[in-house]
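Chemist: Chains as they are written, first to last, in the numbering used here: chain Z, 69 to 271; chain X, 69 to 271.
For the record, the hints were derived by calculation from the structure and aren't laboratory data.
Keep in mind that a hint or two might mislead.
A pair holds if it fits inside one copy or across any two, identical chains being indistinguishable in the list.
Heads up, simulated BS3-like pairs for lysine-lysine below, C-alpha to C-alpha not over 30 Å straight-line [stated by the list, open to error]:
1. Lys144 to Lys223
2. Lys144 to Lys130
3. Lys120 to Lys130
4. Lys71 to Lys120
5. Lys144 to Lys120
6. Lys223 to Lys120
2 protein chains.
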Amino acid sequence: MNKAEIEFWFEFASPYSYVAAERIEREATLGGIAVNWRSFLLGPIFSAQGWKDSPFNLYPAKGRYMWRDMERLCDKLALPFRRPSVFPRSGLLAARISCLESAQPWCPDFVRAVFRANFAEDRDVAAPEVISELLASLGLDAAILVARANSAESKEQLRRQTERAVQLGTFGAPAFFAGNEMFWGQDRLQDALLCSLGLIARP
Amino acid sequence: MNKAEIEFWFEFASPYSYVAAERIEREATLGGIAVNWRSFLLGPIFSAQGWKDSPFNLYPAKGRYMWRDMERLCDKLALPFRRPSVFPRSGLLAARISCLESAQPWCPDFVRAVFRANFAEDRDVAAPEVISELLASLGLDAAILVARANSAESKEQLRRQTERAVQLGTFGAPAFFAGNEMFWGQDRLQDALLCSLGLIARP
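Pulled out of the complex, with its shape left as it was, chain Z reads as follows (with noise of 0.2 Å):
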């Protein structure tokens, strides 16, 4: 038997997918499972669909209600959070190096990193300065994995994930795969592990 394996679609402005980033290696961990890490942006997502700002900004009553139940979810899972200042803010860079690196050991941690930073410590991760700082504090050379993420091959690569989002299905983030069964928020991680592991009926 093949080692379960589940697929993390997550956009670095998503409040939500902050959370799923904390929670799933530990969670999938427990039953065994691989993730595999994969960044994507919701702006052209969003844009098709004549969004031209998070839903959270465009119907406020549905961004109050996130913004006070991150604060209750944070608190119930132990997760350091802070109202960000600016929202959203564009993961752009990070989505490109987290994209383009995404089979490297360090990977995982640099999103956690970039997520942290500003839903945590209301840090501009739309800033390149940011990010190298986050880089780097991870023992990374900066420098170069900005130039390499900055790179028409990269940017080339981010934008066919992102359609390959579309192609599956997804609509917003964070959405868990596994197999051709999608799972969105990060409620319903639990779910997905499940399937997974074949727990959950399959058609």
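For chain Z, the structure is supplied; the task is to place chain X on it using the hints.
Modeler: This is chain X only, laid out in the frame that chain Z set:
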């Protein structure tokens, strides 16, 4: 100490409200928590944010996901499910009845019967004859109840209850309230129950 309680806000056209209606009484009873059933209409709330139809119809990727998710979820929870051939179906009459009669001991049974007729039996719950049949099957006087539900007072009561939902910050269904804390989505039922018991931090 007062008995713990939870408010359950539901819309008859909402698939996930069906799941919540099937789950809530048993799970609340395990915690000794009283459930207050609150029907309301999402139509006016969606209209106010520019939606003329269900978001599951307006955003096809979201809709495709939801129907597959409902299949999986009902399978997991051993709930009967058949995708309705018409979606959404108006729950106006059923909502008026369950708003006006919310204090009656048969009301939760009626609510579940309507949800099952729509989401497990593909029956046209927008039709007064179907609602009358469901009432009669519970041993109730359908003619009297439907007449009462169509009175001006009853219409006004559901209108006011929907306005209250808006004032409380509701933007979708199902929604649960533990005191002032709102939880949105059937996925969050357990969190709402924990909150009603004081086991999730309040501000």
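Chemist: All hints are to be evaluated individually against the structure, with a verdict given for each.
Modeler: Checked hints:
no. : hint             : result
1   : Lys144 to Lys223 : neither (37 Å within a copy, 41 Å between copies)
2   : Lys144 to Lys130 : both (21 Å within a copy, 28 Å between copies)
3   : Lys120 to Lys130 : both (16 Å within a copy, 18 Å between copies)
4   : Lys71 to Lys120  : neither (40 Å within a copy, 46 Å between copies)
5   : Lys144 to Lys120 : neither (32 Å within a copy, 37 Å between copies)
6   : Lys223 to Lys120 : within (21 Å within a copy, 37 Å between copies)
The structure fails hints 1, 4, 5 (numbered hints given earlier, in ascending order).
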